[in-house]
Amino acid sequence: MAKAEATPEQQTQVEMRQAQESALIGRILTGERNCFHDLIRPYERRIYVTVFSMVRNAGEAEEIVQETMLKAYRSLSGFRGESKFSSWLTAIALNEARACLRKAGRQDTFSVDAEFENEEGECQPFQLRDWREIPLEMLERNNLARLLQDAIQELPEKYRTVFVLRDVEEMSIEETARLLGLEPGNVKIRLHRARMMLQNRLAPALQRENPARRGIWAFLRRRP
Amino acid sequence: MRIDCQEAWKALSAYLDGYIDPVLRAQIERHVQFCEVCSAVLDSTRNILYLTADDRVFELPGNFSERLHARIDEVLQREAP
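Chains as they are written, first to last, in this note's numbering: chain H, 1 to 224; chain Y, 1 to 81.
Hints are not guaranteed to be accurate.
So, partial list: chain Y residues that the calculated Cβ filter (under 10 Å) puts toward chain H [to be verified]:
(1) M1
(2) I3
(3) H31
(4) Q33
(5) F34
(6) V37
(7) C38
(8) S44
(9) L49
(10) T52
(11) A53
(12) R67
(13) D73
Far from chain Y, by Cβ distances over 10 Å, these chain H residues were calculated [what the hints assert, rightly or not]:
(14) E9
(15) Q11
(16) R45
(17) A58
(18) E62
(19) L70
(20) R74
(21) R80
(22) A91
(23) C100
(24) G105
(25) E154
(26) K158
(27) D167
(28) L180
Hints are computed from structural coordinates only; laboratory data are not their basis. Just so it is clear, CB atoms sit at the ideal spot from N, CA and C, and this is done for glycine as well.
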């Protein structure tokens, strides 16, 4: 789960990674082209997930990730290091995904704003009384993965993008705000609404499909 | 001072992320001790975030990485950055 502030150790790791990336970029630009593979390898997965959540099609998402990486390679000399390399890559991916959606004339057809907001604009959570644990077999059978993917993809775009950058890519509020040209306060509001919409959408479905079993969350919570 | 369910929900996201005033944090924690609805809402939202971060939820297509690097290789062979 994304955290608000990095610990000093995490900050050191980030700085080390940035230094390694700067060194790799320098080597690529001076002729060691194959270093580009190492540069992008840590980000393949999260860029794919971000793009997939936008275009909602695995084949298109894969094509867009490839185009993103090639565009990054061709524009690498223009990367000034003012932002993180990962944020720069994500910005390219978001532009590519949006271009793909525009080209296909696809827009969000599912808007849940009105459904989930009261007159004060606040999202209401689904008021369950007993949250049962989710059986491991359900996750393994992909039912749960599918439910979650569908719910994320059905979020209106402005909420979905913030949620994916923050809770899937684990960007900070500030990075997300910079990337989307928003104020940090707006990012927090959108993130909150996105999470409430997901809770509202998923809690009843998971509760319905879930037999009375407990214990799997202890397994999931062990994940760092 | 006690808070009600609406106030607790409004601060839920900030609570989960940790960027929250310590007084409000303590009020939420006290509230969910006694409110089973908010306790379940908090747990379900937190669990959805744990799931979102689980690699098994968003699986890459088979051989995704191989195809990506093969495509990059084609370009690396013929183009300088």
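Comparing the hints with the structure gives:
For the restraint placing M1/Y at the interface with chain H, the shortest Cβ-Cβ distance is roughly 20 Å, beyond the 10 Å limit, so the hint is violated. Below 10 Å, beta-carbon pairs count as interface contacts, and I3/Y has none with chain H, the closest being about 14 Å; its hint is therefore violated. Because the beta carbon of H31/Y sits about 14 Å from the nearest beta carbon in chain H, more than 10 Å, this interface hint is broken. The closest approach between the C-beta of Q33/Y and any C-beta of chain H is roughly 15 Å, which is over the 10 Å cut-off, so the hint fails.
A cut of 10 Å between beta carbons decides the hint on F34/Y: the least distance to chain H is about 13 Å, and the hint is violated. The interface hint given for V37/Y is met, as the beta carbon of that residue sits about 5 Å from the closest beta carbon of chain H, less than 10 Å. Given hint, C38/Y at the interface with chain H, holds; its Cβ is 9 Å from that chain's nearest Cβ, closer than 10 Å. Checking S44/Y against chain H: minimum C-beta separation of about 5 Å stays under 10 Å; hint holds.
Contact between L49/Y and chain H, as hinted, is supported at the beta carbon level, the nearest pair being about 5 Å apart and thus within 10 Å. The interface hint given for T52/Y is met, as the beta carbon of that residue sits about 5 Å from the closest beta carbon of chain H, less than 10 Å. Below 10 Å, beta-carbon pairs count as interface contacts, and A53/Y has one with chain H at about 6 Å; its hint therefore holds. The interface hint given for R67/Y holds, since its Cβ lies 7 Å from the closest Cβ of chain H, which is under the 10 Å cut-off.
For D73/Y, the interface hint holds, since its Cβ comes within 10 Å of a Cβ in chain H; the closest pair sits about 8 Å apart. No beta-carbon of chain Y is positioned within 10 Å of the beta-carbon of E9/H; the least distance is around 16 Å. For Q11/H, the non-interface assignment is confirmed: its Cβ lies about 16 Å from the closest Cβ of chain Y, beyond the 10 Å cut-off. Distance check for R45/H against chain Y: the nearest CB is about 6 Å away, which does not clear 10 Å, and the non-interface claim fails.
For A58/H, the requirement that its beta carbon stay farther than 10 Å from each beta carbon of chain Y is not met, with the minimum near 5 Å. Listed as outside the interface, E62/H is inconsistent with that label: its C-beta sits roughly 6 Å from the nearest C-beta of chain Y, within the 10 Å cut-off. Its beta-carbon lying about 6 Å from the closest one in chain Y, L70/H breaks the requirement of being farther than 10 Å from that chain. Distance check for R74/H against chain Y: the nearest CB is about 7 Å away, which does not clear 10 Å, and the non-interface claim fails.
With a closest Cβ-Cβ approach of about 14 Å to chain Y, R80/H is found to remain outside the 10 Å limit, as its non-interface label requires. Residue-level check passed: A91/H sits 18 Å from the nearest beta carbon of chain Y, beyond 10 Å. For C100/H, the condition that its CB be more than 10 Å from all CB atoms of chain Y holds, with the nearest at approximately 17 Å. Once the 10 Å rule is applied to beta carbons, G105/H is consistent with being away from chain Y; the minimum gap is 25 Å.
Residue placement check: E154/H keeps its beta carbon more than 10 Å from all beta carbons of chain Y (closest about 14 Å). No beta-carbon of chain Y comes within 10 Å of the beta-carbon of K158/H; the shortest separation is about 16 Å. Residue-level check failed: D167/H sits 5 Å from the nearest beta carbon of chain Y, not beyond 10 Å. With a minimum CB-CB distance of about 17 Å to chain Y, L180/H clears the 10 Å threshold, and the non-interface call stands.
In summary, the structure is inconsistent with hints 1, 2, 3, 4, 5, 16, 17, 18, 19, 20 and 27 from the numbered list given earlier, while agreeing with the others.
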